[in-house]
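> Chain by chain, the residues run as shown.
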Amino acid sequence: MNMPTRLTLFLLGAMATGFLYLKGATQLPEFGHYGSSFYPQTYGDAINHASIFARHITDSVTGVNFDIRALDTLGEEFILFTSVMGAVVLLREAYEKTPKQDDHEQSGQKEKSAIHAPKATDAVRLWILGMTAPTVLFGFYIVLHGQLTPGGGFQGGVILATAPLLIFLAQDYENFKRITPNTLLEIGESLGAGGYACVGALALLSGAPFLANIFPFGQTGSILSGGIIPLISFLVGLEVAGGFVLLLAAFLQDLFSSSDESKEKESAQ
Amino acid sequence: MSHLPYFAAAYLFLLGLYGIASSRHLIHLIICLAIVQSSTYAILIAIGYRIGGQAPIFASMSVETPTVDPVVQALMLTDIVVQATVMALLLALAIQVQKKTGNLDPNSIRKLHG
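Chains as they are written, first to last, in my numbering: chain L, 1 to 269; chain A, 1 to 114.
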């Protein structure tokens with residue numbers, strides 16, 4: 001299909017979609033009037049009450065994610081898991097297919113970092129030296145306090161995943177590889193994804209529905225309140241952090257292996 | 001004009017879709033897909049908003065305080081993380097296409113190679 005035909009088709013489709021959307025959207029309650037005229041008591045308000053009184057937590061967003069709609073989050077978890085796996089498989093396949101001579105690898109290993117990662121300045125290294133430990137600590141803090149204040153496994157996991165990236169920025173690829181062995185990352189990621197499903201199955205064993213909140217809810221405001229919520233939040237944190245670092249490692253490996261290739265080509269010429 | 005945020009979401013959606021339809025570069029196409037996805041954030045946030053509503057965190061406020069809808073916020077935050085990984089998957093695909101065919105123009109990638 002050439003460009004003009006394609007754009008004409010797009011225009012027709014867009015006009016139809018836009019027309020239907022306009023007709024539909026103007027029937028919605030006005031912006032900012034969520035639940036005020038038609039349904040004074042909305043689903044969101046009901047969830048707020050359920051979170052506070054039935055689950056003893058203070059952040060109902062986390063309550064929705066890890067308890068009330070936990071099954072949906074399990075689905076999202078597996079989208080995340082499969083897309084990380086897909087990306088890693090794609091990138092690793094390319095890496096393993098490139099022909100490698102063993103004697104080259106040993107000597108090439110040392111040159112790599114010297115050539116591709118420009119040495120970080122002392123200011124950057126000093127700053128990151130001070131920042132890495134607080135980043136890890138802050139990540140765990142966010143993961144573990146999801147049921148009380150804004151946070152939880154998704155946000156905290158991403159923060160945790162930035163710590164190895166900081167190491168890469170301050171040091172080089174070799175050090176990044178050393179602190180993030182693939183086995184460890186894969187274990188973390190699978191434990192996160194599988195553990196979530198196991199928490200659901202645990203409820204089945206005790207006779208409750210899948211992913212029912214079977215643990216004691218604890219006292220509102222304490223770190224162990226909310227039953228399964230902190231546990232699931234922690235598992236999601238593991239999965240997200242593991243997944244993001246795996247992606248990072250895969251992209252970096254691809255970058256360094258392909259620049260290795262071009263280097264070999266250059267030296268051959 | 002009180003429906004303006006809903007229209008903004010539709011505008012973002014159609015703009016991103018136009019970018020995908022007319023794209024001449026795979027990276028450009030992936031970014032356009034991100035714009036389409038961001039239109040869903042706009043519509044979700046707009047639907048859950050309540051004038052004067054607080055964030056649904058009750059650590060230091062009364063249970064009766066009117067808040068915005070927690071459900072759409074929960075949807076958003078999982079979606080942002082998932083979007084990031086899906087983008088990574090697409091970029092990995094783009095890298096493979098570049099390696100296999102040596103170019104990133106979706107119009108020139110016609111043949112499937114075994």
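Please keep in mind that the hints were generated in silico from the structure rather than gathered at the bench.
You may find that some hints are simply not true.
Unchecked claim - For each label pair, taking beta carbons as the anchor points, the in silico distance ranges come out as: (1) L169(L) to H25(A): 44 to 54 angstroms; (2) L93(A) to I223(L): 38 to 48 angstroms; (3) T26(L) to P106(A): 54 to 64 angstroms; (4) V97(A) to C198(L): 34 to 44 angstroms; (5) L9(L) to H25(A): 17 to 27 angstroms; (6) F10(L) to I109(A): 43 to 53 angstroms; (7) L93(A) to L11(L): 44 to 54 angstroms; (8) N182(L) to T65(A): 43 to 53 angstroms; (9) A208(L) to G102(A): 13 to 23 angstroms; (10) L204(L) to R110(A): 20 to 30 angstroms.
What the hints assert, rightly or not - Covered stretches of chain A (in silico footprint by chain L; criterion: 3 or more residues with CB under 8 angstroms from a CB of chain L, positions within the stretch not fixed): (11) 27-40; (12) 50-58; (13) 64-71; (14) 92-100.
Since this is a predicted model, take the numbers as computed values, not measurements.
Cβ coordinates follow ideal geometry from the N, Cα and C atoms, glycine included.
> All the hints need checking, so say for each whether the structure fits it.
To see whether the hints hold, each was checked on the structure:
For the hinted restraint 44 to 54 angstroms between L169(L) and H25(A), the CB-CB distance of approximately 28 angstroms leaves it violated. In this structure, L93(A) and I223(L) meet the distance hint of 38 to 48 angstroms, their C-beta atoms being roughly 41 angstroms apart. Between T26(L) and P106(A) the beta carbon distance is about 36 angstroms. The supplied range of 54 to 64 angstroms is therefore violated. Hint check: V97(A) to C198(L), Cβ distance near 38 angstroms, so the stated range 34 to 44 angstroms holds.
Evaluation of the 17 to 27 angstroms hint for L9(L) and H25(A) yields a pass: the beta carbon distance comes to about 20 angstroms. Between F10(L) and I109(A) the CB atoms are about 19 angstroms apart, so this pair departs from the stated range of 43 to 53 angstroms. Restraint check, L93(A) to L11(L): a C-beta distance of roughly 28 angstroms breaks the suggested window 44 to 54 angstroms. Between N182(L) and T65(A), the C-beta spacing of about 47 angstroms keeps the proposed range 43 to 53 angstroms intact.
A beta carbon spacing of about 56 angstroms between A208(L) and G102(A) contradicts the range 13 to 23 angstroms that was offered as a hint. For the pair L204(L) and R110(A), the beta carbons lie near 50 angstroms from each other, so the given range of 20 to 30 angstroms is not met. Residue count for the segment 27-40 of chain A with a Cβ under 8 angstroms from a Cβ of chain L: 0. That is fewer than the three needed, and the coverage hint is violated. For the segment 50-58 of chain A, the assignment as covered by chain L holds, since 7 residues bring a beta-carbon within under 8 angstroms of that chain's beta-carbons and 3 suffice.
Requiring three or more residues with a Cβ within less than 8 angstroms of a Cβ of chain L, the coverage given for the segment 64-71 of chain A holds, as 5 such residues are present. Figure legend: the segment 92-100 of chain A, annotated as covered by chain L; annotation consistent (5 residues with Cβ-Cβ distances under 8 angstroms, at least 3 required).
Taken one by one, the earlier hints fail for this structure at numbers 1, 3, 6, 7, 9, 10, 11, listed in ascending order.
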